[in-house]
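Peer 1: Chain residues, written in single-letter form:
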Amino acid sequence: MFVVPNVAIDDRLRAGLRSPKVIGFTVVLCCTLLLRVGFGATQPSWWNFRVAPVVDGFDHWLSLHRGSHWAFRFGFGPMSSALRNAVQWTLNALRFLTWPGLLVTVALTALRVSGARAAIMACGCVFGIGMLGLWDPSLSTIALMAVSVTISVAVGIPVGIYSAHHPKFEAAIKVVLDAMQVMPAYCYLLPCVLLFSIGFAPSVIATILFAAPASIRLTAHGIKGVPPALMEVAEAQGATKHQTLLHVELPVARPSLVLGVNQTINLALGIVVIAALVGSGGAGQNVLDALQHLEVGNAVNAGLAIVAVAFLFDRLSSGRTMKGARAFRATRTQGRSVLEAVSGVAVVVSTVAIAKLAGTTAFPANWSHPISGPIDEFFAWISDNFRTGVPIIGGTKSFSDAITLHVMNPVRDLLVQRAWWMIVVAVVVIAWLSAGSRAAATCGLALMVVAALRASGGDDTIWADTMNTLSQVLIAVTITALIAFPIGIAAGRSPRLFAMLRPLLDTAQVIPAFVYLVPVLGLFSTGRVPGMIASVVYGLPPGIQLTALGIRGVPAAAIEAAESLGCTRWQMLKSVQIPMAWRSILLGLNQTILLIFSVVVIAGLVGAGSLGLDVVYGLTKHELGLGVEAGIAIVALAIVLDRITQGWANTFTRRPAASH
Amino acid sequence: METARTAIECNGIWKVFGPKSERIVDSPDADLPRSELETKTGCVAAVRDISFRVPEGGVFVVMGLSGSGKSTLIRCLSRLIEPTAGTITIDGQSVRALKPAELRELRRTKVSMVFQHFGLLPHRNALDNVAFGLEIQGRSKAQRLQRSREVLELVGLQDVAESYPDELSGGMQQRVGLARALANDPMILLFDEPFSALDPLIRREMQDEVLRLQRELKKTVVFITHDLNEALKLGDQIAIMRDGRFVQVASPDDLVANPADDYVRAFVQDVVRSND
Chain A
534 MFVVPNVAID DRLRAGLRSP KVIGFTVVLC CTLLLRVGFG ATQPSWWNFR VAPVVDGFDH
594 WLSLHRGSHW AFRFGFGPMS SALRNAVQWT LNALRFLTWP GLLVTVALTA LRVSGARAAI
654 MACGCVFGIG MLGLWDPSLS TIALMAVSVT ISVAVGIPVG IYSAHHPKFE AAIKVVLDAM
714 QVMPAYCYLL PCVLLFSIGF APSVIATILF AAPASIRLTA HGIKGVPPAL MEVAEAQGAT
774 KHQTLLHVEL PVARPSLVLG VNQTINLALG IVVIAALVGS GGAGQNVLDA LQHLEVGNAV
834 NAGLAIVAVA FLFDRLSSGR TMKGARAFRA TRTQGRSVLE AVSGVAVVVS TVAIAKLAGT
894 TAFPANWSHP ISGPIDEFFA WISDNFRTGV PIIGGTKSFS DAITLHVMNP VRDLLVQRAW
954 WMIVVAVVVI AWLSAGSRAA ATCGLALMVV AALRASGGDD TIWADTMNTL SQVLIAVTIT
1014 ALIAFPIGIA AGRSPRLFAM LRPLLDTAQV IPAFVYLVPV LGLFSTGRVP GMIASVVYGL
1074 PPGIQLTALG IRGVPAAAIE AAESLGCTRW QMLKSVQIPM AWRSILLGLN QTILLIFSVV
1134 VIAGLVGAGS LGLDVVYGLT KHELGLGVEA GIAIVALAIV LDRITQGWAN TFTRRPAASH
Chain B
16 METARTAIEC NGIWKVFGPK SERIVDSPDA DLPRSELETK TGCVAAVRDI SFRVPEGGVF
76 VVMGLSGSGK STLIRCLSRL IEPTAGTITI DGQSVRALKP AELRELRRTK VSMVFQHFGL
136 LPHRNALDNV AFGLEIQGRS KAQRLQRSRE VLELVGLQDV AESYPDELSG GMQQRVGLAR
196 ALANDPMILL FDEPFSALDP LIRREMQDEV LRLQRELKKT VVFITHDLNE ALKLGDQIAI
256 MRDGRFVQVA SPDDLVANPA DDYVRAFVQD VVRSND
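First to last, the sequence lines map onto chains A and B. When you line the first sequence up against our numbering, it's residues 534 to 1193, in that order. When you line the second sequence up against our numbering, it's residues 16 to 291, in that order.
Each hint can be trusted.
Just a sample of chain A residues kept apart from chain B, beta carbon distances all over 12 Å, derived:
#1 GLY608
#2 GLN796
#3 SER905
#4 ARG951
Between beta-carbon pairs, the in silico distance windows are:
#5 A:ALA1023 / B:ASN244: 50 to 58 Å
#6 B:SER50 / A:ARG865: 54 to 62 Å
#7 B:ASP269 / A:ALA863: 47 to 55 Å
#8 A:PRO907 / B:ASP181: 49 to 57 Å
#9 B:GLU168 / A:ARG865: 19 to 27 Å
#10 B:ASP214 / A:ARG645: 40 to 48 Å
By construction, these hints were calculated from the structure, which means they are not laboratory data. All residues carry an ideal CB built from backbone N, CA and C; glycine is no exception.
Can you make the complete structure from the sequences, with help from the hints?
Peer 2: So this is what it looks like as structure tokens:
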């Protein structure tokens, strides 16, 4: 070794003390000491935000003053009844159409908006709903959807346009939208119930809050994506701002706008089902009842009806491909449009008239064949034959028990039995290493908030439930990543496999998370395992798709260069494709984790317990205080997971050289 | 030519990007090289003290390499980029004094622009792209379609009127761009490197097209290019631009015969050689 002069050591020491690592270590150490000494080994009783008592007190006050206070008499009250009426009128209109009238309306609308294939699919969906014997509940789901989506889009598109034109406004709402995106659908219901009581109104409001951000984001994204060159052309032609918006920005951004509407619909459907928890009725109620009574057949039946509703809206909103749209427009003349509109209305009116004369309104009951019976038999057969005692693999129950015993319990205990301050410190350190000091501070604060929730008095239920939920998420994410990553890479490298998987992946992402619980429940009964498996199944499609898209996004020039150097397939994968796609793969992981998290929470319904169950309990048993505390913990956990994994995309990939 | 009316007259145009840009104008700092000015003041002077005059029906070509400020200059003429200082007179109107509505009117009726990137709207077919300017003026549908067909015919595209931009070749797209600029029968056409993105053969064809239209329609043209051959072929007057200033303004013959400095000489030599 060299003998280094003392001066140099001094300098190095001083520089070292100022290095981020040392500062970070010191800060964390101080925080740890503060927590350990200041707060103690268990959460101190004074570190309690008393959220539950405050919420319950507010709820009590509301139940006394709902009729008299000005905010309710002139604000929430009229709003609530307006929304309720809107849904009710839509429902009445749908009923008035009668089922043949509705079928014809759907067919013609789909034909006009999205083309013949979409029209056939949409009609299939309408028939499907009828055949499943859930005509009436599905109509009310459709009505709820129609009102929520219309309002979401009517609000989302103008706000999106405004935010695209006003960067300051956009920066401001981005914070809100980000927060809204990490929150699982569940959490939106609680405050809505508090303000709007139960029924259609809180469901509509919660749905709008959950779904409108997609519309805002994609509209803003589309408008901002309009090439500046085209904006300049409009300006050079002397277009006013209004003309530029109408003739340049909106048409060019159209695909993004349509995608926004489509996504809004998908998100809305997810929450409309959950909204059955607050008494919105509809097909969601059927799923919920069946889940809570473990009637797998009924749950599958109602789940399929919801999938049919999902596809119905999806087909109606997906629009035409660019090519199809051009061919369609080439055939348009003004006379023809008028003729089509008139004859369309005539067809609907006459269909409705004939149906009324014939006395039909709802889908004929003797045509419907609910599939609950066969499904029940199927799962009964499965549980008779595969529950236990299958050679080698053991059977579903044995599998489920084994997973619970050997994987889920150890991980849960690891988290739950650790002192709370250790968890906080560990998370802060992980967040710091993943995403830097700000993320560490955010995550630390989030967990400190969780630690201050004490729903049922002195004990630490919320904290324990949070750790329980976290353990389920961690296991589900690990399994999902282990499956999705190889499949995604394979699909990214093989265009044929990608083309084969694509429709499957797209379809899987239209189906609401809720529905995934049903078949898993049939196989594995209740408990934490079915919830975890459902969340894995739900997380797989986006995980696979985003990995595959990342691999496919590697520039062809880089592949060609590697090939010309004589890379083997493995070398290509290891040294070119994965490193270049790593960033988008990690971003995909971030999204997948949030999706998985939302299902784990929902799985609280089927015996996964923990935070999800607390929310459901709060909603259904009107223990809003407990529900709100659990909701806050869910949001906090979502923020922690989001911040940490968002950081990975930047920390664990080499940053692109700064452009300035 | 000398007796013709003045279509465009510019005096002392400056465009400085950056904070407190108006302080740079005519200050000693303005003479600093680009990077020194930027480190000292945070400003970039793209156009420095440019004056010129284009008679009605004249073709004024501005030639310069990329970064010389020529695209900024042409955008200052119709205030797509707001100049920092100077006066611009178009057809006797002081452009910088115009209110927003008057400026729009100027752009709608007197000044049209053809862009390097074509700038066609992807969701409209060729005919509707040409009709765009007329639509903005609020002309009736019948009127604008009739006029657009006429102009498309003028540029030889009557057969592809229903085609969308992505179905047309680069040359055809720029013909649509040209037709769109001609549709509202402007007095002045501004060309911002319109043919740089085209193949050499197509480029020559388009240059001939511009010369033909110029002979037939007698528009006043300001043409930006980085190709001296193009400049010599099209221009009545050629300005060589470098670092935001005009190095020399001369007729094509004069430019080749008497280059003002080594910079211009280097260019011209190249042309002389390639013409041998």
